[in-house]
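Participant: Below, each chain spelled out in residue letters.
6 protein chains.
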Amino acid sequence: MSESTTHRPRRYVKELTAGEVIEDQVFLIGSKDLRTTSNGSLYIHCVLCDKTGQILGRIWQATEAMFEQMPEGGFLRFKGRAENYKGSLQFIVDAMRPVDVRSVELSEFMPQTKENIDEMFERVKEMLRRIKNRHLLLLVKQFINDKALMEGFRKSPAAIQMHHAYIGGLLEHTRNVLELTLSVIPRYPEVSLDLLLAGAFLHDIGKTAELRYETNFQYTSEGQLIGHLVQATLWIEEKAKAVEAETGEPFPQDIKHALQHLILSHHGQYEFGSPKLPATPEAIALHHLDNLDAKLDLYLTKIRDDPDHTSEWTEYVRNLGTKIFKKDVMGIRS
Amino acid sequence: MSESTTHRPRRYVKELTAGEVIEDQVFLIGSKDLRTTSNGSLYIHCVLCDKTGQILGRIWQATEAMFEQMPEGGFLRFKGRAENYKGSLQFIVDAMRPVDVRSVELSEFMPQTKENIDEMFERVKEMLRRIKNRHLLLLVKQFINDKALMEGFRKSPAAIQMHHAYIGGLLEHTRNVLELTLSVIPRYPEVSLDLLLAGAFLHDIGKTAELRYETNFQYTSEGQLIGHLVQATLWIEEKAKAVEAETGEPFPQDIKHALQHLILSHHGQYEFGSPKLPATPEAIALHHLDNLDAKLDLYLTKIRDDPDHTSEWTEYVRNLGTKIFKKDVMGIRS
Amino acid sequence: MSESTTHRPRRYVKELTAGEVIEDQVFLIGSKDLRTTSNGSLYIHCVLCDKTGQILGRIWQATEAMFEQMPEGGFLRFKGRAENYKGSLQFIVDAMRPVDVRSVELSEFMPQTKENIDEMFERVKEMLRRIKNRHLLLLVKQFINDKALMEGFRKSPAAIQMHHAYIGGLLEHTRNVLELTLSVIPRYPEVSLDLLLAGAFLHDIGKTAELRYETNFQYTSEGQLIGHLVQATLWIEEKAKAVEAETGEPFPQDIKHALQHLILSHHGQYEFGSPKLPATPEAIALHHLDNLDAKLDLYLTKIRDDPDHTSEWTEYVRNLGTKIFKKDVMGIRS
Amino acid sequence: MSESTTHRPRRYVKELTAGEVIEDQVFLIGSKDLRTTSNGSLYIHCVLCDKTGQILGRIWQATEAMFEQMPEGGFLRFKGRAENYKGSLQFIVDAMRPVDVRSVELSEFMPQTKENIDEMFERVKEMLRRIKNRHLLLLVKQFINDKALMEGFRKSPAAIQMHHAYIGGLLEHTRNVLELTLSVIPRYPEVSLDLLLAGAFLHDIGKTAELRYETNFQYTSEGQLIGHLVQATLWIEEKAKAVEAETGEPFPQDIKHALQHLILSHHGQYEFGSPKLPATPEAIALHHLDNLDAKLDLYLTKIRDDPDHTSEWTEYVRNLGTKIFKKDVMGIRS
Amino acid sequence: MSESTTHRPRRYVKELTAGEVIEDQVFLIGSKDLRTTSNGSLYIHCVLCDKTGQILGRIWQATEAMFEQMPEGGFLRFKGRAENYKGSLQFIVDAMRPVDVRSVELSEFMPQTKENIDEMFERVKEMLRRIKNRHLLLLVKQFINDKALMEGFRKSPAAIQMHHAYIGGLLEHTRNVLELTLSVIPRYPEVSLDLLLAGAFLHDIGKTAELRYETNFQYTSEGQLIGHLVQATLWIEEKAKAVEAETGEPFPQDIKHALQHLILSHHGQYEFGSPKLPATPEAIALHHLDNLDAKLDLYLTKIRDDPDHTSEWTEYVRNLGTKIFKKDVMGIRS
Amino acid sequence: MSESTTHRPRRYVKELTAGEVIEDQVFLIGSKDLRTTSNGSLYIHCVLCDKTGQILGRIWQATEAMFEQMPEGGFLRFKGRAENYKGSLQFIVDAMRPVDVRSVELSEFMPQTKENIDEMFERVKEMLRRIKNRHLLLLVKQFINDKALMEGFRKSPAAIQMHHAYIGGLLEHTRNVLELTLSVIPRYPEVSLDLLLAGAFLHDIGKTAELRYETNFQYTSEGQLIGHLVQATLWIEEKAKAVEAETGEPFPQDIKHALQHLILSHHGQYEFGSPKLPATPEAIALHHLDNLDAKLDLYLTKIRDDPDHTSEWTEYVRNLGTKIFKKDVMGIRS
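From first to last, the protein sequence lines stand for chains Y, U, C, D, H and Z. Heads up: the first sequence begins at 38 in our numbering, then just goes up one per residue. Heads up: the second sequence begins at 38 in our numbering, then just goes up one per residue. Heads up: the third sequence begins at 38 in our numbering, then just goes up one per residue. Heads up: the fourth sequence begins at 38 in our numbering, then just goes up one per residue. Heads up: the fifth sequence begins at 38 in our numbering, then just goes up one per residue. Heads up: the sixth sequence begins at 38 in our numbering, then just goes up one per residue.
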């Protein structure tokens, strides 16, 4: 494992095959455990990760010092080989060395949207420019001009595991719901396109405060204490005041409340954490447009990622109350 | 009340004002009741209807014979005047006479879609022609070519009271769900447009057997015993056999089952009468597209028809678990 | 009905007896309806109210003009007599005249706490002074010093019909929960008394925005769109910023979130509109202390006010899922 | 392990004792896994099954080739010995060889009813002959004469794990419900015995399409997409048409719908997949008679098969919401 | 209305026709109300009952004295005539006189089983003699020998309105469940017939304390406070002690608890007031046998008594979650 | 491991550190299992317990005889050493010997209240002396004078795992609820303090029959068949009869039923096993006071005992539907 190797393209976890040897490559250490074999010697059982998945690692003839040296949730350079174990691969570590975190390409270690973040963000802004109501437009601009918030908005996943659970997932899902809104709502002239565009943009923005996604995805304490629905409601309050300061006029209270209601009610049922049920046409529309995109992503991802190729069905998905039928009966997913 | 009056334009129930006199006009008799006043004389309390609504009718100095002469659910010609009573109008009947049912313009007595039935039906057929899968296309044609069924499909309401509850409502709602499908589904290339077009077309077609809508809207016994979800499933079975007879080839069982599953699961929850929960991307998509149109129609209709103009909210709507906020905060429904 | 009568003590609705004559007294007009008798003459059916209850009023030989003159939700001076009708009293109006609203003693027309509002408010402030944490104490003071808010806090009912449904009810209920907190929480040294005192004070304060109680009790549109839990959360955000401005220090975010969580979760179940379930010892404690006082008031009020003295049980109370047993088996409520 | 051993009676899994040696016997391979020991050598971990149960198998000193040779869900001949491991038996494999599947006695590998299938089927037909209504009787005969369907009906289990989960279980359960019907329904002359006999016969017949039971029990995709309730409803539709072809008369639609309703509603609750709730006396009766037999079988089987003899209770049974009390307090199950 | 009329056969409420005159007949007064007509004169509105139903009564030109004289829940002799009013009959009272309650044939005023109470009770005792376990048999005898309890057991209705809601209904329902037990349980030799016979006998016996049925059917306060399930459990405790006193031996605790469990769990679900779910085969069997008889009685009674002959369906029955289909499709209920 | 070692203070499980050697100490054997290593030799895997927790034990080179000698749920003396294994400690046994159970200090092996049992019991009796109603006071004395029952009451845990799950826990929880009652109820003069004191004392007393707590905590069969709510109700019935025998007067039935209702309804919801919902002010008060203490104990215990110090949240607690936030934001739990 020479320090000065020229950069080889990464062998991602999903690409590894039994027998393959890795000379020198960085992994994120998901977890570690020091264990004793039945004949009394120590070994380390660990989980090595990159953005494509994770592999079980084993370090035979280990010492306590080696164990201490491994940073959980951090990075090391590894040498070793992939082997079959219980029908899955495992990685037998031959050596490991520290790595300078600044040299680590973080994007290799976290799942990420397949689309271009800048382009998606531009498209979001383009769609929001369709808002005609001056107050709403200024309110939306307050969000767009909040650099720190937009930084999070561009990177955050949309959820920890249900749908769009990857870097940029929140942006991708928001973009999709905006597109659906533009495709569909003009058919219903009594439903306010302005309100729905603003609502679609902001419906999950509270997740930037609810989810932490630096090295792995987790809920924040703040997120769990007040939730992303209320968080977004607080921000709308704050930004509406900023609009008032900007214009010197009162922000129309009805419009603000209708927008906050849209956010608070979009989960559609009390059990899913909405303190209010949808009470306006815009609110019920947002609920279904959000679900259409989120649920389709969930179903399609479960089908794509299912590891068991011998069954036509996925495992039971508790949130759906059913398994998902994977068979491509129309021959379109080949 | 002369027999040979030239035809005057109808004064609809919603147009009547206090004090107005009606010389001779046909009403549908919704219900009738023979009552006694506190001084012992008889009067008839009845409900008179046309497609715009209903008005309480009273016939003072009535006789049993007059009461017998009135056909419940049928038509008579009335003379009388509208009066205020308990803040609502009532119609004081001065005279009534039989009418030849063949001369009655039925369209004046039942609520009806505001759109053109022929045009909507053409549009439905046009959209269905996009189906590329030969088997599905032939299956859909079997339905389109079933004259009796299409007769019902063009006229049936989509529901008794929840949404699109008028003549042509099923067609209008089906057309809408097809339009939504075409607007939205091509964004998701892993979701079968063919299957969704067929499913959108057939999802509520069982209602033509479930609802009776000759003179007023009612559930049929058949509808209540097996339901429109199972009814449509039976028809798909039958039409698939007809396709087999037509082509001499077996109908692909997987496709048939996937389509039947779409219909059976589209209510989305067991409590709403779906014996299966959505287990395919197409099924979950149809559930949300159907709901988007049906719920928007429900919300907008409740807002439009709410009789109480002093409140910003409708009455509590049991199915929604909430009242609906009527105020047009964005100024778009004026 | 002479204009210059010296002021007689009011005969409250609950005091009226059959046959009693009222020469000149103001009533709140709850509702009105113009009706026709079976012989065709007009009469007005109305509901006359004061803080002790309501009585059916009838005005025979009425005219449309008389009807127009009556302000629904407003006040008039009435002359008439109480009579038995269907086992209840009704008030036969002989004459009615306008009244100058400024001369009306509003406290005679709305149910009101039996305790002294000033004393209760002093007691609340006294209890809040026990808060030791400087930030929380300043936050609470921001609320206490908000004159408009405190004006509402002192007058608002705690609910429209479930418990403490009278002027001053919110203050009385809040005072009670604070007293329970002080009696009980010091037994549990691991539970923060500071946090609970602040939480008990603020748990229902959003109701000042949710309920309108000028002439009768109603939900506001704002209240129904975002709810009193989220409203209080918004105010805590705003007041915490004011504390930061006052002190020049950041308000501890953990404490703010813990307090907001207390408010958001105090209904204890999603179905009751809490978007978060109690996740801290303080939150679960507030939930039970709030319920202890609110439910006891509900049970005791239902028992006191039950009009049917022939049964040992009240009517079925939907929210409780049971009737209430009224019998005073221990002989303490005589 | 000589090829030409005379046939020895099988040692069933439940009969094996620690230390026992098996010279040559066929097992169904339930699952297999290739694993590495801590010193790096390979072994195979597998599950060996016959109709009495399953035993963990281990093959030390294994090779990849040996692993490949083992057909999951298929059969091999094994030599080895039973040993204690973690308080349970495991089977240490010394050798294994292919077996000609045609020579395998399938009945030794799947749990099977303890009763005689022919006799039960005769009894079912005998009971169905009591049906007096000509149309219903012809309909039932259409089913009885459908050889392929009856082949499945005689062999299918009634469920995968809840009750009568063995070959012939559907027939046994159906026979039982028919017997209960005959014992009980004549006490209620207003309940149609004809309808209930037909309904009892057909209530679970859709399971022949829903369950696959060749080598092990599984749901079919078709079964999971449309379910056995709707499947039976489709078959009734088809057979009723066959009766019409046979008789040249229309099949009474009311009777057909009442029978289909019986099938669709017999689970009794929406959550259990019934799209309709029982709306006829026959439907509610079938629901309880079906449950009486199915639940008794479930309780008695759980008691009989419970492996833990130190407790008076079984494990918690999720579907029942309770543990089952096993103690034979009346001394009848010895 | 002469005092000494010879006894004429009663004209029951259900037999009355419009125009019919009643010279002198006793009615139970269900309720009474003193009202004023629109011209100011008094009249009495009352409900007159016998066991076949109730009819609205009116007494024109009434006085307060007349009103006072009428005993609510008691009896008077009436003269008057039946007339049509709002499509129903009402009874115009011409005169009324006191009646000696001892001369009233109570059986004419309360609905009553159509079977013979003595015969049913003998049959119950005969079936209980089949119990072989000595302790259980003695326990059952303690109940049978409790004269006061058996007096109530023979007369009590089984419920206030759901099923067997008439004098002798509890006995009839208990007899039925015992018959079902004897028909069905011997098919399941692992289920204790002894335990089920005792359980079937006692399952609803607590209703004798829960329901009051002297002049009309009501829940007792005791019944509503502890319920008939717990009441029966208390009695089993008491009677088991009496058996111990009788035999000088301890009553087997297991058997007592199993029997108490049977009673406590027989409603089958927590929501129906069972504090325990069925945990023994006997308990689940009793639950379904009880329901089979109770629900069939409910369905058949609703069908028989439905007043609307124009619809094939009853009204929606909340407890069932559905309407009931009344049509006699098999032609057996004519 | 010499027999005659002087008594050393126990090294509790929670105090053990890696590498520590234990010469001779008694452990409770929680479970045991005989296993084979991959090289075929036997070892014993067992769980060793004391009141502070449990540790995995391993005995290498074991024999079947050694395995037989270990009493599951019983005691042995052990020699060995603690070692790290998979990040946790395990205990490698070098030798083990029988121990005379009479010499075992049981209090070292079961978790126990930290308070003084005698003092708590005295306090309970002192509080109960406040009861003024003579009948209730005598009833309570019957319980206090029942030595066997009080023995159980002083020692029983309040629950198996939810709250106060230790020896003396029932007494501690009961004492707490009584204290809360005395602090709170005098504020509500219409609520009977007498009834609530008796109810608070008896609300969980049935748990002495429901839980077994000799060597470990388990539900009894009796407890699972009838439950502690009904058990306490039976005892009140029995003790009330004893009071009648003592006084020669009838015990007031209303008071007895109100007390029994208090016990039966105190879980507050059907799903939690209450056959009746709280129908009196006392019942609803007991429900909330009981929950206040029980839930606070649950939250605080979960926070104290949470093994994961890297997260601010506990694991998800199914009964609460949420995780618990552990962070001590107010700095009071240090």
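Treat the hints as calculated values from the structure; they're not laboratory data. Be aware that a few hints might be false.
Pairs count within a copy or across copies, as identical chains cannot be separated in the list.
In silico PhoX-like links for lysine-lysine, alpha-carbon gap of 25 Å or less [as the list claims (entries may be wrong)]:
no. : residue 1 : residue 2
1   : Lys116    : Lys278
2   : Lys364    : Lys169
3   : Lys69     : Lys332
4   : Lys184    : Lys332
5   : Lys88     : Lys192
6   : Lys169    : Lys363
7   : Lys51     : Lys278
8   : Lys364    : Lys184
9   : Lys339    : Lys178
10  : Lys364    : Lys278
11  : Lys363    : Lys151
12  : Lys69     : Lys162
Participant: With reference to the structure, classify each hint as holding or not holding.
Facilitator: Status of each hint after checking the structure:
no. : hint               : in the structure
1   : Lys116 with Lys278 : neither (56 Å within a copy, 53 Å between copies)
2   : Lys364 with Lys169 : between (45 Å within a copy, 19 Å between copies)
3   : Lys69 with Lys332  : neither (34 Å within a copy, 35 Å between copies)
4   : Lys184 with Lys332 : neither (30 Å within a copy, 37 Å between copies)
5   : Lys88 with Lys192  : within (15 Å within a copy, 49 Å between copies)
6   : Lys169 with Lys363 : between (43 Å within a copy, 21 Å between copies)
7   : Lys51 with Lys278  : neither (49 Å within a copy, 46 Å between copies)
8   : Lys364 with Lys184 : neither (44 Å within a copy, 30 Å between copies)
9   : Lys339 with Lys178 : neither (36 Å within a copy, 34 Å between copies)
10  : Lys364 with Lys278 : between (52 Å within a copy, 23 Å between copies)
11  : Lys363 with Lys151 : within (22 Å within a copy, 38 Å between copies)
12  : Lys69 with Lys162  : neither (43 Å within a copy, 54 Å between copies)
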